[in-house]
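**Q** One letter stands for each residue in the lines below.
Protein chains: 2
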Amino acid sequence: MKLVVKAGKSNSMKHHFGDDLAQAVERMKSPIVVGLDPRWEQLPANLREGGDSLEVRARAYSRFCNEVSDVVASLAPAVKVQAAFFEELGPAGMSAMAKVITHARERGLLVILDGKRNDIGSTAEAYARGYLGGEESAWGADALTVSPYLGDDSLTPFVDVALERGAGVFVLVKTSNPGGRMLQDLVTDGEPMYGRVAQHVEQLASQTVGKAGYGSIGAVVGATYPQQLAELRAAMPHTWLLVPGYGSQGGTAADVAAAFDARGLGAIVNNSRGIIFAYARPEYAGRFGEARWQEAVEAATLDMINELRSA
Amino acid sequence: MKLVVKAGKSNSMKHHFGDDLAQAVERMKSPIVVGLDPRWEQLPANLREGGDSLEVRARAYSRFCNEVSDVVASLAPAVKVQAAFFEELGPAGMSAMAKVITHARERGLLVILDGKRNDIGSTAEAYARGYLGGEESAWGADALTVSPYLGDDSLTPFVDVALERGAGVFVLVKTSNPGGRMLQDLVTDGEPMYGRVAQHVEQLASQTVGKAGYGSIGAVVGATYPQQLAELRAAMPHTWLLVPGYGSQGGTAADVAAAFDARGLGAIVNNSRGIIFAYARPEYAGRFGEARWQEAVEAATLDMINELRSA
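Each protein sequence line maps, in turn, to chains A and B. Okay, so the first sequence: first residue is 1 according to the working numbering, each after it adds one. Okay, so the second sequence: first residue is 1001 according to the working numbering, each after it adds one.
Next comes chain A alone, as it looks inside the complex (with noise of 0.2 Å):
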């Protein structure tokens, strides 16, 4: 089933997303995702006025979230989209998030997609079809998050959607929270859950390997375990790791060191709260307050930079 015309066969003649982003973070010396995810009480007070009726919250989001790319266009490789905060809006939030990712897009930040979809067989497709690719799609995501507790089998159909198109996606691998832990650290011959998708995402990571070394299929593994993520970067060699849970979670500049290659390349850090609402933060609010949220999100990201940096 292939619903979308593919103008741009040439897309991925040209796409490679592990090479995008890798010449990315080398573009902005950062490997920094800044994480869109808009949440009406966290708001600045001028963009909450009118009402709040779903339409009017919708656009607060959208406005938002564009303002924040504009600032971070020139600091950061890439955005991520928090699915689930538009989603709460109804279809009113589904048309913001697509106006989010087209701008951001226009703004040359790449777009991660953190809607952690996952099915099987041409459901799974569908989804890939409709998310991944560009203009090549109805939303036009250059990656996706991924759930695999269905298995290999719903992974195939969004890996061959990604491959075809230049697009990315990231597997949930090691998440952030401590219920993670429940089904991911359950040990079968000596091996945890999390591993055996570690390994089966590196494999997948290793069939598509560009220039830089890594291939389009990434993993999700969270900041708040230092060590796991350690020994899951020596574990996936040809893999980005997706790397969520870094400052209001707990995870540290130095608990993250180890995600990264010799080159600082191989890992992106998410950071949500602690940059698009900067302005609310005790470090912020008195150099710059809610009026000029948008500076504080620029301190926010240069700082972060900073820290990755020194460590």
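Treat the hints as calculated values from the structure; they're not laboratory data. Small disclaimer: the values here were computed from a predicted structure and weren't measured. Please note that the accuracy of each hint is not assured.
If we take Cβ atoms under 8 Å as the criterion, some of the chain A residues that face chain B in the derived model are [claimed, not checked]: (1) Gly50; (2) Leu54; (3) Ala84; (4) Phe85; (5) Gly90; (6) Ile120; (7) Thr123; (8) Arg129; (9) Leu150; (10) Asp152; (11) Ser154; (12) Thr175; (13) Pro178; (14) Thr188; (15) Ile305.
We put the CB at the ideal spot given by N, CA and C, even for glycine.
Chain A is already provided as a structure; the job is to place chain B on it using the hints.
**A** What follows is chain B alone, placed relative to chain A:
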């Protein structure tokens, strides 16, 4: 974070998803869920007129699904809306999905949104608040499918919102696809992983038992593994089972018989393609043809009800 005005605290007083489902199954004397999985190439030709833009397809999807709901509203207790096919069409598809959910509920059907969502903390809560609880949410589904890879603390927000609003959650336990075995069947200390998920879900279900003896937190268990289906029925006495894999995927009426209790409750069996595209099946093509596809939907639904009854 409570984004949606809770107009109906009364809703949670009046509604209990486990009981609502039991009543609907008993009223219809059938445990069938009709899967609304629209696929462009398989739609009857007269619905595919007017081009194939995303907007045209989205309108065709809502028209098709709404007509299916009209036909099955007097035969089946519930429909399962497959989010992926609507998401594939971008924002236009999402608007169509909202219309399909609303229309099915207006026809008296319970609506299970098959989105296999999962995330942590307030992000998981955003999904739950957006999708669950009829008029209290932007989308208005009665229940949502959820993936457990992120562990128990990722399920809690879905469970909390569902219970607060009288809605339901179906957690993936043992899926119908062959690759599901990769992780779900891994054995730790003598127990497969799906067994641990099942134990957790049964605990949640048993804490929310209604008058009919079942909780509002259910489990997805595929028809394609009849032995595990029987085993899980016994291990999860308070848990509604949502059983996919019937028909097109190979599950038979005999395979799913063990999913039911003595009263014929405790399980609902999904059929998507086998019902909604019945007009193309050899059994119905000659009798109805493409032009009378709605009658083929009706006949296939009645035939499935009879198959389940005789087994």
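**Q** Evaluate each hint against the coordinates.
**A** Going down the list of hints, with the structure as the test:
Given the 8 Å rule on beta carbons, the hint for Gly50 (chain A) is violated: about 16 Å separates it from the nearest Cβ of chain B. Checking Leu54 (chain A) against chain B: minimum C-beta separation of about 6 Å stays under 8 Å; hint holds. Taking 8 Å as the C-beta contact cut-off toward chain B, the hint placing Ala84 (chain A) at the interface holds, the least distance being around 4 Å. With a least beta-carbon distance of about 5 Å to chain B, the hint placing Phe85 (chain A) at the interface is held under the 8 Å criterion.
Given hint, Gly90 (chain A) at the interface with chain B, holds; its Cβ is 3 Å from that chain's nearest Cβ, closer than 8 Å. At a threshold of 8 Å, the smallest CB-CB gap from Ile120 (chain A) to chain B is about 4 Å, leaving the interface hint in force. With a least beta-carbon distance of about 5 Å to chain B, the hint placing Thr123 (chain A) at the interface is held under the 8 Å criterion. A least Cβ separation of about 6 Å between Arg129 (chain A) and chain B falls short of the 8 Å threshold, and the interface hint therefore holds.
Interface hint status for Leu150 (chain A): upheld, as the beta-carbon distance to the closest one in chain B is roughly 5 Å, under 8 Å. Interface hint at Asp152 (chain A): satisfied, since its Cβ lies 5 Å from the closest Cβ of chain B, which is below the 8 Å cut-off. For Ser154 (chain A), the shortest C-beta to C-beta distance to chain B is roughly 6 Å, which falls under 8 Å, so the interface hint holds. Restraint check, Thr175 (chain A) versus chain B: the minimum CB separation of about 5 Å is within 8 Å; hint holds.
A cut of 8 Å between beta carbons decides the hint on Pro178 (chain A): the least distance to chain B is about 6 Å, and the hint holds. With a cut of 8 Å, the hint placing Thr188 (chain A) at the interface with chain B holds, because the nearest CB-to-CB distance is about 4 Å. Because the closest C-beta pair between Ile305 (chain A) and chain B is about 25 Å apart, greater than 8 Å, the hint is violated.
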